[in-house]
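Participant: Sequence:
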Amino acid sequence: MIQKASSVHKALDEAVCVKSPIKIHEAMRYSLLAGGKRVRPALCLAACELVGGDESNAMPAACAVEMIHTMSLIHDDLPCMDNDDLRRGKPTNHIVFGEDVAVLAGDSLLAFAFEHIATATSGVSSSRIVAAVGELAKSIGAEGLVAGQVVDISSTGQSDVGLDQLEFIHIHKTAALLEAAVVLGAILGGGSDEEVEKLRKYARQVGLLFQVVDDILDVTKSSQELGKTAGKDLATDKATYPKLMGLEKSREFAEKLNKEAKEQLSGFDLEKAAPLIALADYIANRQN
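In the working numbering, each residue carries its 1-based index in the sequence shown increased by 29.
Treat the hints as calculated values from the structure; they're not laboratory data. Please note that a few of the clues may not be correct.
Straight-line C-alpha distance at most 25 Å; calculated BS3-like pairs for lysine-lysine [unchecked claim]:
1) Lys52 with Lys39
2) Lys66 with Lys291
3) Lys250 with Lys230
4) Lys278 with Lys288
5) Lys301 with Lys288
6) Lys66 with Lys301
7) Lys291 with Lys301
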């Protein structure tokens, strides 16, 4: 994962270079290259290789997913959303560049993500590139990330949010883009429909697992350990898995999701599936 994260960081640095207008590109690069675990692009590349593709086939898509993830963080931190001032251990984008430029930086990353897949992907049929673009677009729109964000906003402070509604929020807000990352890798790597769907199910469970662990860390770790504001969900009265299930049941649920995710990989060559198994375990056991 460290090797893949390093490769993705280098590709992102090359893709989003400093050029005119300087300020917007500096703002884009500030958040995009600020670090982070690069879990989504690593999953994308691992899925591509699992179905027989080469890492290079999916690198533009892996970068695009990370650009969109970064956009979502920039916008999520804005005063009109979560109003946060710390991300990846650094001041958030709008604190450094102002709200106006931060909004535009996120917009620019979103637009460039699709341009990058369309123009930089090589060695893959046009039909598979089109399919990948469609998957990515659906994952972030009103049937994906945006849907989760809207329901999350409307649910904040409500006392009647149940587990079904909480799962809807996180399947869309968090898992959808992570799922897209894996599916894009499988599509661009030449995977069959059956392989793509198995990996989709794996990613759906891993995406939800990521959020359950995030909720747990929010109440068990400090801001310094997380690199972002800890206890924010509690302070804003958001529904979380520990709030609805308790901490111990949340941990048991995370273990269940990890097990179910890895079961979806049983039909693949275990040696080739090892990176995805390791990534699921990493997500389950991460400390920040």
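Participant: Does each hint hold? Answer for all of them.
Facilitator: These are the hints, each one checked on the structure:
no., hint, result
1, Lys52 with Lys39, "21 Å, holds"
2, Lys66 with Lys291, "20 Å, holds"
3, Lys250 with Lys230, "30 Å, violated"
4, Lys278 with Lys288, "15 Å, holds"
5, Lys301 with Lys288, "18 Å, holds"
6, Lys66 with Lys301, "22 Å, holds"
7, Lys291 with Lys301, "13 Å, holds"
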